[in-house]
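Which chain is which? The protein sequence lines are A and B, in order.
If you're matching positions, the first sequence starts at 1 in the numbering used here and goes up one per residue.
If you're matching positions, the second sequence starts at 1001 in the numbering used here and goes up one per residue.
Note that these hints are calculated values from the structure, not bench results.
Output of the computed footprint for chain A on chain B, the stretches with three or more beta carbons under 8 Å from beta carbons of chain A:
1. 1103-1115
2. 1278-1285
3. 1420-1434
When the alpha-carbon atoms are kept at most 25 Å apart in a straight line, the in silico SDA-like pairs for lysine to any residue are as follows:
4. Lys-1452(B) - Leu-99(A)
5. Lys-1452(B) - Val-95(A)
6. Lys-1204(B) - Leu-1324(B)
7. Lys-1315(B) - Phe-1198(B)
8. Lys-1444(B) - Asp-91(A)
9. Lys-1124(B) - Val-80(A)
The C-beta atom is built at its ideal place from N, Cα and C for all residues, glycine as well.
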Amino acid sequence: MSSSLRAAAPVPEPGVAAATPARPRRRAAARRRATRRSLGAYLLVLPAAAFYIAFVLRPIVLTGQYSLYDWDGINSATWVGLANYAEVFADPTLVGAILNSFELIIYFSFIPVLLGLFAANVIRSIAASRLAVVARTVLFLPQIIPLVAAGIMWTWQLSTNGLVNQILGLLGLGGVTRAWLGDTDTALPAVGVIGAWVQLGLCLLLLLAGMTKIDPSLYEAARIDGAGPVREFFSITLPSLRQEIAVCVTITVISALASFDIIYISTQGGPASSTLVPGLQIYYLAFFERHIGVASALGIVLMLLVLIVVLPLQRILRGRDA
Amino acid sequence: MSRIQDVRVRALAASGLLVVAAFAVTACAPPGGGGQAAPTGSSGPVYGGGEPTCGTEDVTLSMYAETGFPLPTKLADEFTKQYPNVTFDIREDQFAVITQNAPRVLRDSPPDLMRLPQMSELAKGGLLKDLDPYAEVFGWNDWPASQLQQLRVGEDGIRGDGPLYAQGLNFSMTGVFYNKDLAAQIGMTEAPQTLDEFDGYLQKAKDAGIVPIAQFNGGATGGLLFPLQGLMASYGETAPINDWIFNKPGATIDTPDNLKAAEHLQKWIEAGYFAPDINSMDYSQMMSRFIDGQSLFIFSGDWESGNLDTQMPGKVGFFLTPPLEEGGPQGAMSAPLTYGISAYAEQPDCAAFFLNWVATDETARTITVEVGGSHPMGPADAFMPEVAADSVTAATLAAGTTVNEKNGAMDFIANATGAIYAQSWTPNVQKMAAGDQDAAGLLKAVQADYEKELAG
Chain A
1 MSSSLRAAAP VPEPGVAAAT PARPRRRAAA RRRATRRSLG AYLLVLPAAA
51 FYIAFVLRPI VLTGQYSLYD WDGINSATWV GLANYAEVFA DPTLVGAILN
101 SFELIIYFSF IPVLLGLFAA NVIRSIAASR LAVVARTVLF LPQIIPLVAA
151 GIMWTWQLST NGLVNQILGL LGLGGVTRAW LGDTDTALPA VGVIGAWVQL
201 GLCLLLLLAG MTKIDPSLYE AARIDGAGPV REFFSITLPS LRQEIAVCVT
251 ITVISALASF DIIYISTQGG PASSTLVPGL QIYYLAFFER HIGVASALGI
301 VLMLLVLIVV LPLQRILRGR DA
Chain B
1001 MSRIQDVRVR ALAASGLLVV AAFAVTACAP PGGGGQAAPT GSSGPVYGGG
1051 EPTCGTEDVT LSMYAETGFP LPTKLADEFT KQYPNVTFDI REDQFAVITQ
1101 NAPRVLRDSP PDLMRLPQMS ELAKGGLLKD LDPYAEVFGW NDWPASQLQQ
1151 LRVGEDGIRG DGPLYAQGLN FSMTGVFYNK DLAAQIGMTE APQTLDEFDG
1201 YLQKAKDAGI VPIAQFNGGA TGGLLFPLQG LMASYGETAP INDWIFNKPG
1251 ATIDTPDNLK AAEHLQKWIE AGYFAPDINS MDYSQMMSRF IDGQSLFIFS
1301 GDWESGNLDT QMPGKVGFFL TPPLEEGGPQ GAMSAPLTYG ISAYAEQPDC
1351 AAFFLNWVAT DETARTITVE VGGSHPMGPA DAFMPEVAAD SVTAATLAAG
1401 TTVNEKNGAM DFIANATGAI YAQSWTPNVQ KMAAGDQDAA GLLKAVQADY
1451 EKELAG
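Generate the whole structure from the sequences, applying the supplied hints.
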């Protein structure tokens, strides 16, 4: 974050720096020029800012406002203060949904980042071969498939007669086959696997791009010093990828906490609420139960939750020196 | 460092300004209210004397129907044939979409006819036209009262009594479909007459390696409610269940009779009579498995009769959940295919005339049976089209007569409140299927959620 802030900081004008009290007129002219320039910059920003206010900030503020009312979306609303927030934290179903989304972080974030690191490292070491291109393409494919299509496809694969159970049967593991999405114990991990599959491609590509930036002479030096591939990975690759890992973790953690589409398609939150997540619950509350107030309160809580989780993560992963 | 701090302060100030700007854009009036006021629903029809008709001038009726059900379109086509001055402008959506959109659509782009979800909130909110004046003129009040009971909503939102706010294109009913070929394999040649006999066939099917019941129960669909409600009708009376569904004060679902029914369902689950993956099976998967001959029974409704007569002609039978003793009480979920008229509709009279025509015209009633597979609305002695004796449609129509005779019709227990199906019944019957909930716990949990929701 600090690097972007530094980049955004105004660079002192050469003219300003050179100005001395002996030449006040020149300084005033320079200041006028600078003001004109910044005014122009603000004008250029204006259209984007207007859209941002209308389509991002306004809905957030409106959601905050709705969260303080008891409203069915049609008739006039009643002011209830923070009662909707109290309901969000008192209702075990809603709390359960939040806990489920935290469990999903393991599948949506940790697994893709770890697998992505491993795969990227392997692909880097065979970079010259055609296999690397094939592997990269295959692993990135899930990223270009719409999440809804991925959800439908995996629902078939995880069904009783699906590919997953057929493979398990062939391996002699017929005893563990089950309806993965229909079992209260396995539904959440099964949904998590779909998420991991989708996220892996993005992480892999980001990490691979990060690896190409690493100076090859570092590896040469390490090799001369007698480092093996494992030592190379932990001493050179991993520290150099800090920025990319931070981006991967941030994006995937947000998608875990705010997940909706994969779960809506594959389980709709069932069975027995075992895969219910806040995104889905907001949808049910707002559109089926017409509790716009509680839905908005949960929306705001979800937004704060994402910020609370992601901001410290940024600091830890990127470090102060990055 | 200090420059970074400076920039942070500026960034904070800028975002603060943006939020203030956003506030300014939204202003701080409370949401809702405003706009046009709802017209008073009970002021009576706008036609001047006599029966309302569609007149002789060109009229366009707007209809918002459920996709995947050809019945409304077929009826509209026939109506246009008989009354050429009336054309239909039909918009279709899935039922879930209709459920979400209902209040906004009824108010913002009011259709003359609309397929409705559970309508007590819509009626209470003044979004539906009061059809009582039409009922009087057309004589709907002379039909069997149970047909229209579910469509009446009192001022407090309690259903069962009060003004009529919707009408049915037909009324459908649930029970058990069975595959005649598979039934023959286990020696079942006709529908079981008692619950014990039914249990025996379930066990025989299991022993023969046939999946006894494929039942949808996955995702957001609590399909085990179909057998549960059938069993409730076998163990006890249906009137208290309707009271509960209609939110009558003091009603409870946690009764000794219902407990026995839920325990019977639990026994079926524990005996392995249901397919092992019912918690991931949706409705269409259930139907395709049954049609493929992968299951002996399914609990579903007569809306499938036409479909099954086409896909498996002569091979499907139908019966109501059997009584405890031969000839004993029996019942079924039976609900009208609900269509309402928006309180803001442009052609309410013509729409009401159409609804009356659907229930009384012979061709319309034939379409209702042949296409919809369900019983038409209307007087008890009204015209009924002939259907092939070995068809499942004939079996479901006969079952409908039985339900009428035994006064066993009840609404769907999932319609009791807006959220009871998604938030309480479905997760609890899914837990039961997974072995994490028992019969007593199921009824207690649902009753607690019901009371909480009505209080809130």
